[in-house]
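Residue numbers (this note's numbering), protein chains in the order written: chain A, 1 to 239; chain B, 1001 to 1057.
Just so you know, not all the hints are guaranteed correct.
[Unchecked claim] Simulated pairs of lysine-lysine, DSS-like, Cα-Cα distance not exceeding 25 Å:
# : chain 1 : residue 1 : chain 2 : residue 2
1 : A       : 99        : B       : 1034
2 : A       : 33        : B       : 1031
3 : A       : 33        : A       : 56
4 : A       : 104       : B       : 1021
5 : B       : 1031      : A       : 99
6 : B       : 1034      : A       : 104
7 : A       : 73        : A       : 6
Source of the hints: derived by calculation from the structure; they are not laboratory data.
Residues per chain are reported as follows:
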Amino acid sequence: MPTPAKGPRLGGGPAHERLMLANLATALFEHGKITTTVAKAKRLRPLAERMITFAKRGDLHSRRRVLTVVRDKGVVHELFTEIGPRYENRHGGYTRITKIGPRKGDNAPMAVIELVEALTAAAATVSEAEGATRSAAKKTTAKKSAAKKATAKKVAAGADDAAAAADLAEEAAQEAAEDAAAGDIEGADEAAADAREVADEAAEVADASGDPDAEKAAGDAEAYAEIAEDAAEDAKKES
Amino acid sequence: MAVPKRKMSRSNTRSRRAQWKAVPPSLVTCKRCKERKLPHVACPTCGTYDDRAVLDV
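Required output: the full structure, derived from the provided sequences and hints.
Next up, the structure:
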């Protein structure tokens, strides 16, 4: 629940403020991105996000609630058919305000308020896992959460570790290829062995976490290791 | 309506105005284009904030 706005209304009175916010919300849903003052953008955000929540619900009652604010039926239709479904995986935070500095003329601080991009299901689970890790970290005193934290951390860290390992393996593969090209058999062999080691480690981490992202990264690492070994063998043959 | 009883002396006026001072804005370096810009504000030179294009430049 957004906190009620403190301080004076925008415009000349409560009705004027309602009209201004309604016009801003209509423009935002029509164009997806509008430039306005920071004060107006901040007041618009809770209203616009409430409208999107109604759009996600999608029934006739919520459509009528939205129509009391956004009077344009075309914009409301777009809101319910395109914008609402786009944020299926997002729980709030549908808008982004970026400050763009003072306006020429009256030096009013300006901002761009825009509808954020859709969240993929995978990204949503990752952010949820991160949130779980963070909340688990807060409850370090509670014994029950200790086990939970360990698993959550493993899942979150697994993907990162495996991805990092894939990068390392790629580097090692490149090194091996370079050494092989230069005719340095020992260097190539060493680099290939490094790549293989890193790939094995990544595979272990991925198995432990059971995260599909981590497994994919581990697969990448292994592929790079194979490339490195091939390069080393080629170098041997040539010599 | 309440009105001033005495003329404000030149000295008092100038003493008051001596306190109007301009403060240099605290600036940071843009991550992307290395220009100086206001903190927490999109860079006016390259039009990005947090590596996200915000302005058309």
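Status of the hints after comparison with the structure:
no.: 1; hint: A:99 to B:1034; in the structure: holds (19 Å)
no.: 2; hint: A:33 to B:1031; in the structure: holds (24 Å)
no.: 3; hint: A:33 to A:56; in the structure: holds (20 Å)
no.: 4; hint: A:104 to B:1021; in the structure: holds (21 Å)
no.: 5; hint: B:1031 to A:99; in the structure: holds (16 Å)
no.: 6; hint: B:1034 to A:104; in the structure: holds (24 Å)
no.: 7; hint: A:73 to A:6; in the structure: violated (31 Å)
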